[in-house]
Amino acid sequence: MKRLAVPLTAALAAIGMTVSLWLIFVNAPLQWGKNSNDTLNMSSLFFNQKIFYFHVAHAFMLFASVFVAGTCSIAFLKTRNARWDDIACAAVNVAVLFGAVVLVTGSIWAKPAWGTWWNWEPRLTMSLLLWLILVGYTLVRQFAGASADRVAAGMAIFGMVGVPFIYKMVGSDSHPASGANGVVATLGPGMKGAFWLSVVSFMCWFIALVVFRVQSIRAARELRELREAALDAGVLE
Amino acid sequence: MKKSLVTLLVVLSGSIVLADGSGSGSGSAAGSGSGSATVTPVAEPAVPTPTPAAAKDLRKTCTAAMNADPTFAAAIVKTADETSAIKRDQDIIDAHQRAAAKVAENERHVILAYAAMWILSIIFVIVLWRKQGGLNAEIATLRRDLEAALATEKSEKAKS
Chain V
1 MKRLAVPLTA ALAAIGMTVS LWLIFVNAPL QWGKNSNDTL NMSSLFFNQK IFYFHVAHAF
61 MLFASVFVAG TCSIAFLKTR NARWDDIACA AVNVAVLFGA VVLVTGSIWA KPAWGTWWNW
121 EPRLTMSLLL WLILVGYTLV RQFAGASADR VAAGMAIFGM VGVPFIYKMV GSDSHPASGA
181 NGVVATLGPG MKGAFWLSVV SFMCWFIALV VFRVQSIRAA RELRELREAA LDAGVLE
Chain C
1 MKKSLVTLLV VLSGSIVLAD GSGSGSGSAA GSGSGSATVT PVAEPAVPTP TPAAAKDLRK
61 TCTAAMNADP TFAAAIVKTA DETSAIKRDQ DIIDAHQRAA AKVAENERHV ILAYAAMWIL
121 SIIFVIVLWR KQGGLNAEIA TLRRDLEAAL ATEKSEKAKS
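Same order as they appear, the protein sequences are chains V and C. If you count the first sequence from 1, position 146 lands on 146 in the working numbering, and the numbers rise without skipping. If you count the second sequence from 1, position 112 lands on 112 in the working numbering, and the numbers rise without skipping.
These aren't lab readings, by the way, just hints derived from the structure by calculation. Check before you lean on any hint, since a few could be wrong.
[What the hints assert, rightly or not] The calculated DSS-like cross-link candidates involving lysine-lysine, where the alpha carbons are at most 30 Å apart (straight line), are:
#1 V:K168 to V:K34
#2 V:K78 to V:K2
#3 C:K87 to V:K34
#4 V:K168 to V:K111
#5 C:K102 to V:K192
#6 V:K34 to C:K102
#7 C:K102 to V:K111
#8 V:K2 to C:K131
Sequences are here, hints too, so could you generate the full structure?
Here it is as structure tokens:
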């Protein structure tokens, strides 16, 4: 079953993504609105709204992976069981990927929507900071030496604490709102199905990547142990 | 009968004389104009500015004349409708052209965003795959070497 986890979730993600792409580009209507005098509202997103379906899905998975990393780091600090640390490290690695996609696609979306690639509004700035914390985690794991796992676990918890602030940070910023009155809640017919299928597909993709990365981290640990055994046996010098 | 004929002739001749008199007036001016080498422009008679009361009367007369002819009012409405319809159509065409330009521009951004997403994901998967492959190969080599070393050790122990 463990061996099948990655191919199975990856296959599910591939099927889901294919269907969601069809739903996004063929089935879901263009987003546009009318002014009070019945003329076309030119500030409508039109085709640009198609970015939303996977930009937001990636943001959800970014938050999910940061929560997984934070929770597993707490468990690791409490139990000192390396298995928790493996999962936390894998989740952060995947979160770096999802965070990069969120920032890049959001920036591309912002250009036609706001007329600028980037503005330093609170939510964007916080998202960038979260991503930098995750990159910092990866660098600490790579270069901090013996106590790297514990320092990195602290960073993962710190990152997790920031997520609710990003999610709830609405008001003065120009980023579309989230929550009950947010964009997702107001999606029209034909859009909701495409969006939620996209979220489920990226969730499968996220699971596949995390499991694959965990296997890779465990293989690296096994290699370290084998090297030590080989040194003891005189196979390696 | 004779009397009436005479009266008719008198009236006719009188009217002819009168007509001739007025015609000679204009005719002399025209004649002198056509006869000479240079054309002297004739000053148009000045249009008297109507007084407000006269203007009101004129407007009334004009309105009455327009109302008297139902096709005239309909023609005015039709012309106004056609003009506004042309303007409305042009506005719609302009709005659609702007929207089409915007949609086309957004198409480029959507393609860019999708490309960025897939490129980042594919790079990540390739890096992980290569890393995993390298680790697995190294683990297999080390295991083989260790087993060989252990086997040699065992055989040496058995010999001794």
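task: Run the structure past the numbered hints and jot down the numbers of the failing ones, going up.
output: none
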